Amino acid sequence: MFDVLTEHFDEFASGFWVTTRLVAASFVIALVLGTVVAALRVAPSRWAQRLGGLYVEVFRNLPLLVLLFISFAGLRRAGVGIGPWTAGIASLGIYTSAYVAEALRSGVSAVSRGQREAALSLGFTPLQTLREVVLPQAFRTVIPPLGSIAIAMIKNSAIVGASLLALPDLLKQARVVNSNTFQTTESFFWAAVGYMLLTLTATVVFRTLESRYAVRR
Amino acid sequence: MGYLFSADNWEWLWTENNARYLLEGFLINLEIAAIAMVLALAFGLALALLSLSALTPVRLAAKGWVDVFRNLPLIFLILYLALSLPESIKQGWQENAPGFLPEALRGQLVLAGILGLVLYNSAVIAEIMRAGILSLDRGQREAATALGLSYRDQMRHVILPQGLRRMVPATVSQLITLNKDTTLVSIIAIQEAVRSGRILTQTAGNPFVGGGDVQAPILQVMIFVGLLFVVVNYALSRVSRRLEVREARRSAVRPGVSVGGGAGDEALRAGAT
Chain P
1 MFDVLTEHFD
11 EFASGFWVTT
21 RLVAASFVIA
31 LVLGTVVAAL
41 RVAPSRWAQR
51 LGGLYVEVFR
61 NLPLLVLLFI
71 SFAGLRRAGV
81 GIGPWTAGIA
91 SLGIYTSAYV
101 AEALRSGVSA
111 VSRGQREAAL
121 SLGFTPLQTL
131 REVVLPQAFR
141 TVIPPLGSIA
151 IAMIKNSAIV
161 GASLLALPDL
171 LKQARVVNSN
181 TFQTTESFFW
191 AAVGYMLLTL
201 TATVVFRTLE
211 SRYAVRR
Chain H
1 MGYLFSADNW
11 EWLWTENNAR
21 YLLEGFLINL
31 EIAAIAMVLA
41 LAFGLALALL
51 SLSALTPVRL
61 AAKGWVDVFR
71 NLPLIFLILY
81 LALSLPESIK
91 QGWQENAPGF
101 LPEALRGQLV
111 LAGILGLVLY
121 NSAVIAEIMR
131 AGILSLDRGQ
141 REAATALGLS
151 YRDQMRHVIL
161 PQGLRRMVPA
171 TVSQLITLNK
181 DTTLVSIIAI
191 QEAVRSGRIL
201 TQTAGNPFVG
211 GGDVQAPILQ
221 VMIFVGLLFV
231 VVNYALSRVS
241 RRLEVREARR
251 SAVRPGVSVG
261 GGAGDEALRA
271 GAT
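Sequence order for the protein chains is P and H.
For what it's worth, the numbering used here labels the leading residue of the first sequence as 1, then goes sequentially.
For what it's worth, the numbering used here labels the leading residue of the second sequence as 1, then goes sequentially.
Hints listed in this document are in silico derivations from the structure and should not be mistaken for laboratory results.
Nothing here was measured: the structure is a model prediction, and the numbers come from that model.
Even glycine gets a Cβ: it sits at the ideal position worked out from N, Cα and C.
Don't take every hint at face value.
[Claimed, not checked] Computed footprint of chain H on chain P, listed as stretches where at least three residues anywhere in the stretch have a Cβ under 8 Å from a Cβ of chain H: (1) 44–51; (2) 69–76; (3) 175–184; (4) 190–198.
Okay, chain H solo, but in the shape it has when bound (with noise of 0.2 Å):
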C-alpha cells in the first residue's frame, strides 16, 4: 500500500507532459473505437439481414461466416491479419492514409487492427439484431405484408424500428467491449493508451530518451489508464441503462402502439417496479 499510493510513485503523472501523453494515446483508443463501431454496426445489420434471408445459400452462407468470426479470439484476427494482409495493402495505407488522421492512425498495422475489430464486431452484433429481430411476434410481419408494403418498406417502417430498439442494451454492452478491445491494438505496435503508457515507464527516468526524469513505475502508469478506461465505459453503461428505462416507460404509456408480442411483459414490467 505504501508502494502503491507514495507520493514519489505518482510524480511522473504530473512531471512534464506525461498526463498528456498517456491522454493522447486514450484519445487514439477511442477514435479506433469510434471508427470500429460505426463500421461494425453497418457490417452487422447487413450481415443480420443476410442471415434472415429467404435464400437458402444466403442464409446459410451468412450465418456461416458470422459464426466462425463470432467464435475466434479477436486477438488471434488482429494477429493474423497483421502477419497476412499483403504487403501493398498495408504500404499503401502508410503512403496514402489521410492527413487529417493522428499519426499513429496511419501506421502500417492500423488497417489489420480495424478490420479485425470490425470482423469481430460485426459479427456479434448481427447476431445480437438478429435476436432482435426474431423476438418480435410475426404478426408484425404477416401484417405489413398483408396491407401491401415491400420488404424493404417492411424491414424500415416495422421490422427494424422495432426489433433494433429492444437490442439496444445488449448493442450498448457490446460497444463497451469494443472500446475495452480497442487496447488490443497496442499488441501490434499502434500507440495508444497502452503503449504510450509502457513507453512511457521504459523512458521515464531516462535523460537520454526524453519524458521526464522522473521514474513511472508500470503499476501506476497502468492504473492511470484502466481508470480512464472505467470512467468512459461506466459512462456509456449508464446512458444504455437510462434508454432502457425510458423505452420501458415509453412502452408502459403505449402498450397498444409500442411494440407486438412481449410488449405486454415489458408494460407489466415497468408497471411493477
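Excised from the complex, chain P in its bound form (with noise of 0.2 Å):
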C-alpha cells in the first residue's frame, strides 16, 4: 500500500499540486464571473437580467465536458491559440460561476427589502446600493452554499484531466502511475487521498469564513 505512494511520491506530488493550482484559479474566475452575473440579474434593467438568465441557464445546463471541447480542441481548430491551462481555468470557471451566480442572486434576495429600499431613500445609486449594502450582506448569508459549490468545483476539476486536456493533474497521475504498477487500487486510493485533503480543506475554510462573517440578527 504504502510503497506505491513512497516510490511515487513525484507524481502524486505534482499532480496535487496541478489540481490545487486548477481549482484556485478557476475559483477565483468563477467568484468574478459569478459576480457580475448575480448583478446582471438583480439590475434594475430587464435586458441585463435577461442577459444574466440566459448565461446562467447555459452554462449551468451545459456538460463540463462539452465545454472542455469546445473551449480547447474547437477553439484550436477555429485558430485560437489556446493552451491547456487556459481551457482548463477558463471552462472549470466559467461552468463554476453560474452557480456562483445562482448562489449570490438568492443571497441578493435573501437580503431585506428594505435594506434596499433605506439605502435608495439615503440618496445611494442603485449601483451603490448594490455595492456598499445588499452585496456585502449578500456575501455572507451565501458562505455556505458558496463551501459546496467549491467541493464540488474540486471533484468537477478531476473532468478537466480525464478528457483531452494535456494537464497531468491528481487523477490523471494516478492513472500514469496504475499503467507503470498495474496496482489499480493502491493508484487510485491515494489519489483518493488527495481529493479529501482538498475537499477537507474547503470545508474548514468555508466554516471558519462562515463563522467568522456570520450576519448576527
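From the two separate chains plus the hints, produce the assembled complex.
Structure representation (C-alpha cells):
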C-alpha cells in the first residue's frame, strides 16, 4: 500500500499541485464572473436580467466535458491559440460561475427589502446600493452554499484532466502510476486521499469563514 | 464569429445522416441517465433510511459509505471501476446483455459507467433525502408513534410523503447534474453524444471511413451537442420549478394539513408572493 506512495511520491505530489492550482485559479474566475452575472440578474434593466438569466441557464445546463471540448479542441481548430491551462481554467471557472451567480442572487434576495429601500432613500444610486449595502450582506449569507460549490468544483476539476486536455492533474497521475505499476487500487486510493485532503481543507476554510462573518441578527 | 457561423462549417449538420447520428448518441445519454436515475433514487432512499437507523453500527456504516462516495470525483469512480471490475463481469455483461438494449449499452465497460453513476448519485441523493426527513417536525414522528403506527407505517404514511416532497427541487437539480454527467462515460469509450461527436469530427471529410465528404469542425459539433443538453435540462428545471410553485400553493391553501414544522414559513412565503 505505502510503497506505491513512497515510490511514486513525485507523480502524486505534482498531480496534487496541478489540481490545487487549477482549482484555485478557476475559483477566482468563478467568483468574479459569478458576481458580475449576479449583478446583471438583479440590475434594474430588464435586458440585463435576461442576459444574466441566459448565461446562468446555458452554463448550468451544459456538461462541463462539452464546454472543455468547445474551449480547447474547438477553439484551437478555429485558429485560436489557446493552451490547456487557459482552456481548463476558463472552462471550469465559467461552468462554476453559473452556480456562484445563482447562489449570490438568492443571497441578494435574502437581504431584506428594507435595506435596499433605506439605502435608496438615503440617496445612494442603485449601483452604490448594490455595492455598499446589499452585496456585503449577501456575501455573508452565501458562504455555506459557496462552500458546497467549491467542493463540487474540486471534484469537477478531475474532468479537466480526464478529458483530452494535456493537464497532468491528480487523477491523470494516478492513471500514469497505475499503468506503470498495475496496482490499480493502490494508485487510485492515494489519489482519493489527495482529493479528500482538498475537499476537507475547503470544508474547514468555509466553516471558519462562516463563523467569522456570520450575520448577527 | 465568421468562422463560427459560416455556412461551410455547418454544412455537415444537414449532410448525410450526421444530425441523426448525434441524436442517436444523445438518446444513449438519456437512456443511461434514466437507468442510473431509477437505481440512484432506490439506493439513495435505502441509504437515507439506513443512515437514520436506530442501530448505531448500521447508522455509522451507512454514513461512512455515503461520505466516501459523495466526496470522490465521479470520473474518478468511473475510471477506477472500468479498470478494476473483474474481466469475468465485463465479459459476462457483453455476452449476456439483453438484446433489446441498444448496441452502445451492451459493451464491456457499460456496467462500470452505470455503476459509477449510481454509486455517486445514490450517495448524494441519500444525503438530500436524509436532510428532507430530518427537516420534519419531531412531533410528526411522535404523533405517529403515539397512534401506534409501526416503523414501516410511520415511514410510509407519515414521514416519507412529507419529507421527500420537500426535497423534490433539490433532487431534480441533482438529476439534471446526473444527466450532464452521463457524458463522462464517453471517456471509457461508451458511444454516447460526445463520443459520437468526436467520431464525426474525425471521420467526416474522410472518404475512406464514411460519414459524408463534408468537414465537421469540432467547435460546431460540440456546440450542437451542448445545445441538446441545454434544451433538455432547461425543460427539466422548468418542470421542477412548476412543482415547487404548486407545492407552495398547496401548503398555503391547507396549511393545517400539509406539513408540520416549517409549513408556516412556506405558507407565508407563498402568501407573500
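Here is how each hint holds up against the structure:
no. : hint    : verdict
1   : 44–51   : violated (count 0)
2   : 69–76   : holds (count 5)
3   : 175–184 : holds (count 3)
4   : 190–198 : holds (count 4)
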